[in-house]
Amino acid sequence: MSPDLPPLLEARGLYKTFTPPGRESVQVLEGVDLALRAGESAALSGPSGSGKSTLTHLLAGTEAPTAGEVLWRGAPLPAPHLEARALWRLSEVGLIFQDFRLFPHLTALENAALPLELLGEPPRAAEERAGALLGEVGLGERLGHRPSELSGGEQQRVAIARALAHRPALIIADEPTGNLDWRSAARVADLLFALPERHGVALLVVTHDLTLAGRATRHWRVQGGRLVEVEA
Amino acid sequence: MSAHLLMTRALWRRLAWAERGRLLGFALSLSLGVAALAGVSGVLRAVEVTLYAQARDALGGDLRLQSWRALEGDEWVEAARARLEAEGELTQVMELASMAAVGTQAPSLVSLKGVSAGYPLRGAITLRAPAAAPAAAPAATPAIAPGEVWVAASLADQRGAGVGATLTVAGREFRVAGVVEREPDGGFGGALTFAPRVMMRLEELTALNLVQRGSRARRSLMWAQREGGLEAEGLEAGARDPEARDSRARDPGARARALRDDLSASAPEHVEVRSYLDAQPSTLRVFERVGLFFSMIGLVTLSLAALSFAAGLLGLLRDQLPLVGALKSLGVPHRELRRLYTLVCLGVGLAGGVLGVGLGLGLHAALAAVAEPWLGLPLPLTLSPLSALGAVALALWVSLCVNAAAQRALARASTQALWRAADPDLRLTSGERLALGGALGLTLWGYLAALSGSPTLAALFTAALAALGALCALLIALGLWGLRGLERLLRRGAGGATLNRRAALRFALRALLGYRARAVAALLSLSVGFSLIAGLQATEGALRAALSLSDADAPQVFLIDVQEDQLAAMQEAATAAGVPNLEGAPLIRGRLTAVRGEALGREALDDPRQTSRERRWELVREHNITTRVGLGPAEELAEGRWWSEEEARDPAVALLSLEERFAARLGVAVGDALTFDVQGVELTFTVASLRRVDWLSLRPNFQLIAPPGVLEGAPRTYMASARLPSDASLAALSRAVMSAAPNISLVDLRPVFAEGRRLLSALSLALWLTGGLCALAGALLLVGGARRDYARRARSVESLALLGVPARRGWRLARLELGLIGGLSALIVTLCAAALAGGAARALELPWAPAWGTLGLWALLCLAAPIAAGLGRRSGPGAGA
Chain F
1 MSPDLPPLLE ARGLYKTFTP PGRESVQVLE GVDLALRAGE SAALSGPSGS
51 GKSTLTHLLA GTEAPTAGEV LWRGAPLPAP HLEARALWRL SEVGLIFQDF
101 RLFPHLTALE NAALPLELLG EPPRAAEERA GALLGEVGLG ERLGHRPSEL
151 SGGEQQRVAI ARALAHRPAL IIADEPTGNL DWRSAARVAD LLFALPERHG
201 VALLVVTHDL TLAGRATRHW RVQGGRLVEV EA
Chain R
1 MSAHLLMTRA LWRRLAWAER GRLLGFALSL SLGVAALAGV SGVLRAVEVT
51 LYAQARDALG GDLRLQSWRA LEGDEWVEAA RARLEAEGEL TQVMELASMA
101 AVGTQAPSLV SLKGVSAGYP LRGAITLRAP AAAPAAAPAA TPAIAPGEVW
151 VAASLADQRG AGVGATLTVA GREFRVAGVV EREPDGGFGG ALTFAPRVMM
201 RLEELTALNL VQRGSRARRS LMWAQREGGL EAEGLEAGAR DPEARDSRAR
251 DPGARARALR DDLSASAPEH VEVRSYLDAQ PSTLRVFERV GLFFSMIGLV
301 TLSLAALSFA AGLLGLLRDQ LPLVGALKSL GVPHRELRRL YTLVCLGVGL
351 AGGVLGVGLG LGLHAALAAV AEPWLGLPLP LTLSPLSALG AVALALWVSL
401 CVNAAAQRAL ARASTQALWR AADPDLRLTS GERLALGGAL GLTLWGYLAA
451 LSGSPTLAAL FTAALAALGA LCALLIALGL WGLRGLERLL RRGAGGATLN
501 RRAALRFALR ALLGYRARAV AALLSLSVGF SLIAGLQATE GALRAALSLS
551 DADAPQVFLI DVQEDQLAAM QEAATAAGVP NLEGAPLIRG RLTAVRGEAL
601 GREALDDPRQ TSRERRWELV REHNITTRVG LGPAEELAEG RWWSEEEARD
651 PAVALLSLEE RFAARLGVAV GDALTFDVQG VELTFTVASL RRVDWLSLRP
701 NFQLIAPPGV LEGAPRTYMA SARLPSDASL AALSRAVMSA APNISLVDLR
751 PVFAEGRRLL SALSLALWLT GGLCALAGAL LLVGGARRDY ARRARSVESL
801 ALLGVPARRG WRLARLELGL IGGLSALIVT LCAAALAGGA ARALELPWAP
851 AWGTLGLWAL LCLAAPIAAG LGRRSGPGAG A
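Same order as they appear, the protein sequences are chains F and R.
Residues 1 to 232 (our numbering) are what the first sequence spells out, left to right.
Residues 1 to 881 (our numbering) are what the second sequence spells out, left to right.
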């Protein structure tokens with residue numbers, strides 16, 4: 001990763017305020033600035049309620065900031081249209097969740113191939129790539145299994161394969177090891193942090209696990225609505 | 001309060017009371033099935049009660065000897081008369097159809113009834129009270145004075161034959177002295193009677209000389225036990241079996257029964273002996289068959305309701321698993337939970353049963369309102385405690401079956417799944433499904449057997465129901481197999497733009513096939529109820545179309561009882577009245593005496609093990625044989641050969657052509673010999689051919705046709721038919737017939753067509769009422785399933801949105817999945833309904849063309865129903881992402 005590369009994802013002065021009905025406004029984020037380059041891995045950590053999930057939503061385009069902007073390859077995200085942002089996510093971002101969010105009626109192969117199919121790739125070609133990725137995460141023998149037939153760690157590995165299937169530039173993983181035992185968590189972490197180097201993607205991991213966060217090249221801590229960079 | 005009770009109360013509050021809305025939904029669903037059955041059985045019971053309550057009145061006496069021949073001069077009848085006179089009172093009645101004119105109006109067909117002193121021996125004729133006098137039923141029927149007649153209310157109201165009017169019958173004028181509101185032995189049929197009654201003194205009817213050789217006049221000798229010998233009846237209306245009823249200590253019908261049995265044993269063929277204990281056996285049989293059909297619809301409704309309940313209960317158990325797991329971890333024993341769910345199921349069953357009985361009363365009232373005008377019978381709304389208990393017991397039994405299946409599924413859920421609140425597989429295994437299906441099948445059979453009193457008939461109906469279910473299941477399996485094929489085909493296809501239709505369709509297909517059990521439940525819920533309703537509607541359409549066709553093509557008037565020497569004069573009179581082409585068909589009456597050379601033995605005929613009821617009827621009744629040189633326009637040869645013109649004229653060629661279904665009932669084939677007693681002359685015919693007849697053409701069609709030569713000289717009457725160029729020609733023809741030949745009856749068929757259409761509407765409404773409950777039960781099952789699936793679909797839309805599929809498109813995918821279910825069910829409903837209506841049309845011998853309009857409408861409804869049910873709430877999770 002070269003520091004001279006232009007940022008892939010950039011946040012400039014992000015503010016987010018929530019106003020629950022009949023209550024006072026809550027300022028969750030207060031002027032967050034952040035830049036992430038291709039091939040870079042970063043971690044966002046912080047205690048529960050610190051605003052790291054809110055920041056993730058803003059960066060993934062599932063929510064719009066109250067103020068400030070999110071830039072993608074130097075251009076603002078197609079705001080405020082959620083639909084256009086969703087399509088941007090489909091082509092550019094791979095998401096990994098704590099609860100995996102796999103489709104229970106689809107096999108591991110079908111789950112992993114889904115983003116490619118939705119992007120219009122021929123189904124067979126999509127499944128070929130998904131099969132290769134599942135092989136890469138060690139599930140080459142379990143292509144035909146449904147999520148209910150896989151362990152938590154295996155399900156998360158299917159989610160990683162799915163996040164990579166459509167060759168995204170950015171992968172956002174929200175508490176990817178939160179539901180896993182230590183052995184599975186270690187394997188998933190190994191896989192995740194190898195992605196920037198092997199696939200050239202930018203990786204943003206959201207976690208409260210400082211050990212996991214410590215494996216990223218950059219580590220920000222969300223504190224009082226602002227980002228504080230943690231030195232390695 | 002004991003610890004045990006405290007625990008039960010706490011569990012009840014947490015697990016049952018908190019879900020009372022859903023439980024009420026289950027009870028409502030179950031109540032629909034119970035209501036359909038309770039409503040139908042209530043109407044049947046009311047019919048039965050009314051028929052038995054009016055049994056004596058309906059016969060006009062305790063015993064009746066009836067014949068189409070003259071009773072006077074018959075040695076056996078005279079002996080019977082003497083015997084009956086010694087024990088009771090006798091009166092005589094004769095009935096026949098004839099033409100009568102009110103004032104100067106054109107004559108029309110009436111049903112004449114000549115009565116002698118004492119008639120009716122039981123019940124009373126209700127005469128319309130004069131306008132000035134208060135309406136009150138007379139205690140006893142007054143006698144009809146000489147020169148006077150009493151007429152039916154329809155004749156008075158529609159043709160102005162009120163009290164004081166003049167009625168001309170066979171050239172003689174009578175004064176109308178009374179309007180009959182109710183005639184005890186007038187039979188049933190209400191509005192369907194198209195020859196209104198005219199009642200006069202028997203000796204005056206005889207003096208009119210309307211009865212000629214071969215005329216259809218029914219003579220009855222009615223008998224009633226003297227009051228001294230007749231104990232208070234105490235007839236229990238509703239008791240099904242007259243024999244069982246009579247076995248009680250007080251045996252009110254014993255004498256009538258003994259006389260019936262005694263006289264029947266020695267009565268000649270032409271005399272039928274009936275006692276009031278045989279009250280309307282054929283009417284009851286018809287009602288039982290119709291009732292069985294309606295009950296079958298009710299049972300389909302109950303089955304759908306049971307499925308809905310089972311699916312809902314499994315959903316509830318799935319939702320409550322985390323709580324169940326937590327309770328078990330707190331130390332609540334599993335048996336307490338099992339007991340609680342059993343109690344919940346019993347509660348649902350009880351509520352469903354009670355609600356069903358209430359709803360059933362509503363259905364009973366609605367069905368009675370539709371049926372009463374046609375039957376001419378009151379169908380009182382009564383709640384029998386026994387029937388109500390039976391309905392509740394049925395609901396409880398269904399609940400217990402459902403509970404057993406659900407408990408089995410819960411027992412299979414691993415402890416780990418319970419403790420971790422994971423999503424366990426609570427689907428029923430094949431064995432459990434089979435057991436549940438078997439229990440429901442047994443319930444259906446038991447209910448139908450109790451209703452019909454025939455385990456065989458109940459087994460046939462249950463098998464038919466199972467076959468319908470199997471057909472639906474087969475079509476569903478085939479449909480899903482087809483969709484799987486389509487999904488595979490799409491996999492082979494090329495790519496396209498982002499979120500292209502092919503990818504969307506494949507995603508929807510995989511969602512549908514991935515949740516197969518839910519898809520099958522949705523397909524089943526739509527297919528069964530909607531197929532039934534759509535099939536019934538298509539059948540009704542075919543019947544209406546057939547009636548319209550017949551209306552346009554068929555003869556509109558029939559002239560009955562035309563004597564041989566009157567035919568030419570009638571044809572001339574018809575031509576003069578502007579009715580050309582009056583076609584006459586000869587009728588020669590004969591009675592079968594031998595089949596294939598074997599004389600018909602009375603003992604064998606009376607033994608139901610040797611001769612079926614249908615065959616016995618065909619063997620003993622009097623037949624009409626017509627003669628023709630060639631085939632008629634509404635018939636075709638099915639088997640054998642037709643005679644040549646030379647053979648037709650040859651008196652030595654005794655051939656016979658039989659209508660094919662009549663031949664099947666009789667059990668004869670081409671080549672068999674049939675011997676008839678044709679008015680005293682024995683003639684043996686060889687069956688030369690079998691014919692297929694279009695009875696709905698309403699042309700003069702016959703079961704038996706012989707060549708003219710062999711029956712030349714045999715005594716005969718004629719039946720003539722024609723189409724009417726105008727209403728005026730009917731009046732002219734009526735007058736011509738009345739003046740030239742008063743014995744001839746002219747039947748105007750147009751009101752019959754109109755009545756037929758109205759009857760069809762009433763029947764259709766009754767079917768809609770019952771079938772509607774079935775479709776409603778199916779719809780509830782669908783909505784229940786869709787509600788349970790909503791969370792899954794919303795989560796799927798949410799996940800897709802996070803992956804990058806806009807929520808609007810995500811919901812479109814969900815709609816597509818539901819649309820596929822709708823589309824497949826539309827296809828299944830179309831096929832099943834077409835098969836049902838086609839089968840019914842075949843059974844009713846109707847010309848059948850699929851009613852695409854009707855079927856298409858139901859298909860559209862099927863298509864829309866799952867989408868409407870599945871996407872009812874759009875504000876849930878995933879709606880905005």
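What the hints contain is simulated information worked out from the structure, not anything from laboratory work.
Please read all numbers here as calculations on a predicted model, not as lab measurements.
Some hints could be false.
Not everything, but these chain R residues come out facing chain F in the computed CB check (under 8 angstroms) [unchecked claim]:
(1) Q66
(2) R69
(3) G123
(4) L127
(5) G482
(6) L483
(7) L486
(8) A497
(9) N500
(10) L509
(11) A511
(12) G514
(13) L802
To spell it out: a stretch of chain F is covered by chain R in this simulated footprint if at least three of its residues, at any positions, have a beta carbon under 8 angstroms from a beta carbon of chain R; those stretches are [to be verified]:
(14) 101 to 111
(15) 196 to 202
(16) 219 to 226
The beta carbon of each residue, even a glycine, is placed where N, CA and C say it ideally should be.
Outcome of the hint check:
1. Hint status for R:Q66 relative to chain F: violated, with the closest Cβ pair at about 72 angstroms, above 8 angstroms.
2. With a cut of 8 angstroms, the hint placing R:R69 at the interface with chain F is violated, because the nearest CB-to-CB distance is about 78 angstroms.
3. For R:G123, the suggested interface contact is broken, since its CB lies about 71 angstroms from the closest CB of chain F, more than 8 angstroms.
4. Checking R:L127 against chain F by beta carbon gives a least distance of about 76 angstroms; that is not within 8 angstroms, so the hint is violated.
5. Here the hint on R:G482 is broken, as its CB sits about 19 angstroms from the closest CB of chain F, past 8 angstroms.
6. For R:L483, the interface hint is violated, the least distance from its beta-carbon to any beta-carbon of chain F being 14 angstroms, above 8 angstroms.
7. Annotation: interface hint on R:L486 violated; nearest CB of chain F at approximately 13 angstroms, more than 8 angstroms.
8. Because the beta carbon of R:A497 sits about 5 angstroms from the nearest beta carbon in chain F, less than 8 angstroms, this interface hint is met.
9. At a threshold of 8 angstroms, the smallest CB-CB gap from R:N500 to chain F is about 5 angstroms, leaving the interface hint in force.
10. Given hint, R:L509 at the interface with chain F, is violated; its Cβ is 11 angstroms from that chain's nearest Cβ, farther than 8 angstroms.
11. For R:A511, the suggested interface contact is upheld, since its CB lies about 6 angstroms from the closest CB of chain F, less than 8 angstroms.
12. Evaluation of the R:G514 hint against chain F yields a held restraint, the C-beta minimum of about 2 angstroms falling below 8 angstroms.
13. For the restraint placing R:L802 at the interface with chain F, the shortest Cβ-Cβ distance is roughly 6 angstroms, inside the 8 angstroms limit, so the hint holds.
14. Counting residues of the region 101 to 111 of chain F whose CB falls under 8 angstroms from any CB of chain R gives 6; the rule of at least 3 is met.
15. Proximity of the region 196 to 202 of chain F to chain R, defined as three or more residues with a beta carbon under 8 angstroms from a beta carbon of that chain, is not established by the 0 residues found.
16. Remark: the region 219 to 226 of chain F is not confirmed as covered by chain R, as 0 of its residues place a Cβ nearer than 8 angstroms to a Cβ of that chain, below the required three.
Hint violations for this structure: numbers 1, 2, 3, 4, 5, 6, 7, 10, 15, 16, all remaining hints satisfied.
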